[in-house]
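Q: Construct all of the structure, not just a fragment, from the sequences and the given hints.
If you're matching them up, the sequences are chains R and S in order.
Under our numbering, the first sequence is numbered contiguously, ending at residue 495.
Under our numbering, the second sequence is numbered contiguously, ending at residue 495.
Which copy? The list can't say, so a pair holds if one copy fits it or any two copies do.
Heads up, simulated SDA-like pairs for lysine to any residue below, C-alpha to C-alpha not over 25 Å straight-line: (1) Lys449 to Glu419; (2) Lys179 to Val204; (3) Lys226 to Arg124; (4) Lys307 to Asp122; (5) Lys226 to Asp170; (6) Lys179 to Gly295; (7) Lys239 to Ser88; (8) Lys239 to Val451; (9) Lys405 to Ser377; (10) Lys467 to Gln186.
In short, the hints are calculated from the structure, not lab data.
Predicted model, so just to flag it, every value in this text is computed and none were measured.
2 protein chains.
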Amino acid sequence: MIAEIIAVGSEMLTPDRQDTNSLHVTRGLNDLGVAVAFKSIIGDNRQHLTDAIRIALGRADIVICSGGLGPTEDDLTRECVAEALGITLHPDPELVVALAKRFAERRQVMPPNNQRQTEVLDGAIVLPNAHGTAPGQWLDTTFGGHRKLVLLLPGPPREIKPLFDDVCMPRLAATLPPRHIARRQLRIALLSESVVDARTSPIYQRFQDVETTILAGRGEIQLHFVCAKPTLEEATARVNELTELVEHEMGDDIFSSHGESLEEIVLLMLGLRDQKLVLAESCTGGLVAERLASVVNASRSFEGGVVVYSAEQKTRLCGVAPELLEKHGSVSEPVARAMAEGICRTTGCTFSVAITGIAGPAVTEGPDSGKPVGLVYLALTDGEDTQVKELRISGDRERVRLWTSQHALELLRRHLQ
Amino acid sequence: MIAEIIAVGSEMLTPDRQDTNSLHVTRGLNDLGVAVAFKSIIGDNRQHLTDAIRIALGRADIVICSGGLGPTEDDLTRECVAEALGITLHPDPELVVALAKRFAERRQVMPPNNQRQTEVLDGAIVLPNAHGTAPGQWLDTTFGGHRKLVLLLPGPPREIKPLFDDVCMPRLAATLPPRHIARRQLRIALLSESVVDARTSPIYQRFQDVETTILAGRGEIQLHFVCAKPTLEEATARVNELTELVEHEMGDDIFSSHGESLEEIVLLMLGLRDQKLVLAESCTGGLVAERLASVVNASRSFEGGVVVYSAEQKTRLCGVAPELLEKHGSVSEPVARAMAEGICRTTGCTFSVAITGIAGPAVTEGPDSGKPVGLVYLALTDGEDTQVKELRISGDRERVRLWTSQHALELLRRHLQ
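A: Encoded structure:
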């Protein structure tokens with residue numbers, strides 16, 4: 079059984095935007111034993127899209143369209159699928175009421191073109207979209223004498239992902255022959271892909287029945303293990319066996335063995351130790367705070383902190399002595415130390431991390447001029463000792479900031495361990 | 079004139095790998111006035127690929143294949159293009175010599191399947207690949223009575239990019255009629271796509287020669303205008319004409335008319351007014367700071383601020399009176415006001431924005447319990463007045479935080495305007 083994914087939208091034919099939904103959908107389909115054999119990206123053009131859907135119906139068993147379900151003239155997926163299949167659309171009374179209600183609740187007047195979003199393919203089931211106004215559609219039909227599943231899904235990633243996972247996957251699982259998959263995800267920060275691969279490939283290559291994928295990006299390496307077996311027990315046993323061997327090899331370098339993010343792990347460890355963290359960030363400008371705060375219930379272990387971009391605020395908000403800043407510059411071991419200890423004083427906390435560095439461009443005046451881009455100092459105070467770490471991070475401003483935040487969280491994790 | 083890009087390779091049909099070459103190729107084609115109307119991703123399957131090439135030849139003037147030119151059995155692009163066009167392949171004597179020499183220089187024995195890389199489509203020109211063993215091919219031919227350009231390019235990004243830029247682009251420019259492209263990007267925060275479309279479509283629909291794309295996401299709408307004309311002056315004039323009419327309709331709602339981000343615009347305006355901004359963030363947890371700090375040279379107008387996640391830190395770092403917090407709760411109009419005014423006192427600045435809200439999940443104890451998720455207060459102080467705005471933002475934690483940061487930056491922008 080093979081699938082085609084059609085991403086609809088002219089923006090994905092520009093140099094700046096790319097279809098990414100298909101990756102998520104592919105993962106789900108693969109779990110159910112369905113291979114994606116074709117992906118097409120088609121603009122908001124009636125003839126092109128209708129033809130492309132017809133081609134897809136001719137070569138795939140499952141056709142999944144993402145995008146083109148919005149309210150504008152450009153949103154043509156519904157009409158083109160109807161035309162390709164030779165069926166008609168009808169307004170769904172429940173959708174009409176729900177949409178009118180949605181606008182009424184917000185005290186907005188509904189623009190008339192929103193009515194398009196209530197049109198449903200004859201014979202299709204409406205898939206409720208919890209995160210947007212455009213519902214999905216599921217049509218179990220025939221084309222050229224063969225059974226075809228046609229799914230219409232919204233384009234925005236935050237709409238399609240839950241709709242696919244929560245609504246389409248159970249439906250697909252009930253429709254397709256049964257299969258059991260076990261997966262595991264190990265995550266490792268700050269090491270290179272080649273180092274991780276050199277250490278782990280002698281192990282995972284012995285597990286031919288477990289599919290291993292190594293993904294690198296954003297300062298971390300992920301090892302994904304997937305195994306399909308007739309029973310879930312068999313699949314889980316194989317994945318666990320491989321995981322244990324890799325954990326033994328990589329040891330403490332693995333920060334997460336069930337896919338949790340580094341910030342989730344750090345917050346979990348702080349919670350277990352009943353510690354409250356405060357931060358003093360300069361070059362990362364709030365990035366570490368933001369990453370921690372993005373986790374649900376972060377407030378249990380994260381108090382907050384300061385973003386001290388200017389030298390003056392390092393003094394005002396962290397109590398760093400002006401002489402220290404003048405003598406050593408903001409990006410220095412003594413200032414990092416003073417920031418970490420100072421933020422504890424101003425907040426009344428005992429546990430802090432401070433970050434100061436040059437994210438780029440280079441500083442051309444004052445005591446930090448001449449210091450290299452990528453020079454970063456991290457300080458960690460736990461109420462007894464303060465440790466300071468000097469880093470040299472290569473790359474542009476964005477990379478220096480991201481890797482600095484990884485180093486800061488990883489320093490915290492290793493300290494808490 | 080329209081193009082199709084076919085990315086060949088089964089790895090790009092997995093959940094973990096994506097075609098990215100097409101973005102680079104699209105940018106080059108667009109610069110020459112060629113729109114990419116279709117992108118296809120096809121696995122290493124003879125029948126699928128031959129059919130896909132035939133479909134592409136039927137609907138596009140230029141067909142560019144990337145990948146599938148290597149030496150292995152899996153590398154099928156040459157053969158499938160030949161079959162789709164009904165022509166044959168022949169070994170190119172120069173390529174045979176060059177390849178043999180390459181292996182000899184490295185003192186390696188050439189595996190016999192490497193010969194595949196010397197096979198050239200009848201009538202094609204060989205495009206030398208400076209970074210790999212697989213050369214590209216350029217075929218100017220006809221299909222179904224129409225002239226077609228067919229390009230075969232290697233898959234690895236470090237091979238295709240220089241080959242496309244240095245060899246294909248000059249050839250394409252010499253082959254295609256001279257055309258020039260003008261582009262413009264308008265950005266609008268906080269409005270819905272349907273509202274923006276309802277207000278602008280009567281205008282942009284009158285400009286059939288300007289391609290308009292509306293992109294929605296992350297709390298903003300982008301309007302992209304692209305126009306191709308024989309001269310750059312004509313193209314620019316049309317795009318500017320449309321831009322002016324849309325600017326007249328949307329007025330102040332447009333925050334950027336040359337594609338700058340909201341944070342860039344806010345920093346620019348602060349700089350022009352010689353203002354220094356400080357922030358006090360609760361529910362956004364550093365997100366607004368992080369967005370501002372991501373801009374190069376943000377430090378000229380952004381001093382920093384505090385992330386005050388706990389009630390205690392609202393008092394310690396912003397000087398909010400504990401009685402106020404107890405009486406009204408952290409998420410309240412008086413506390414937002416006190417945070418904005420307090421952060422100015424502690425930092426010695428005159429211009430601040432404070433943010434407090436419930437990003438989710440709901441608060442179950444203390445003075446904020448019972449307040450709805452999505453309730454947010456923004457306060458802005460400019461040294462003279464403090465204004466407070468109450469918001470109700472729908473959606474999950476991530477959406478509430480993101481939209482709150484958009485509202486905060488947009489409040490700042492409108493105030494500075």
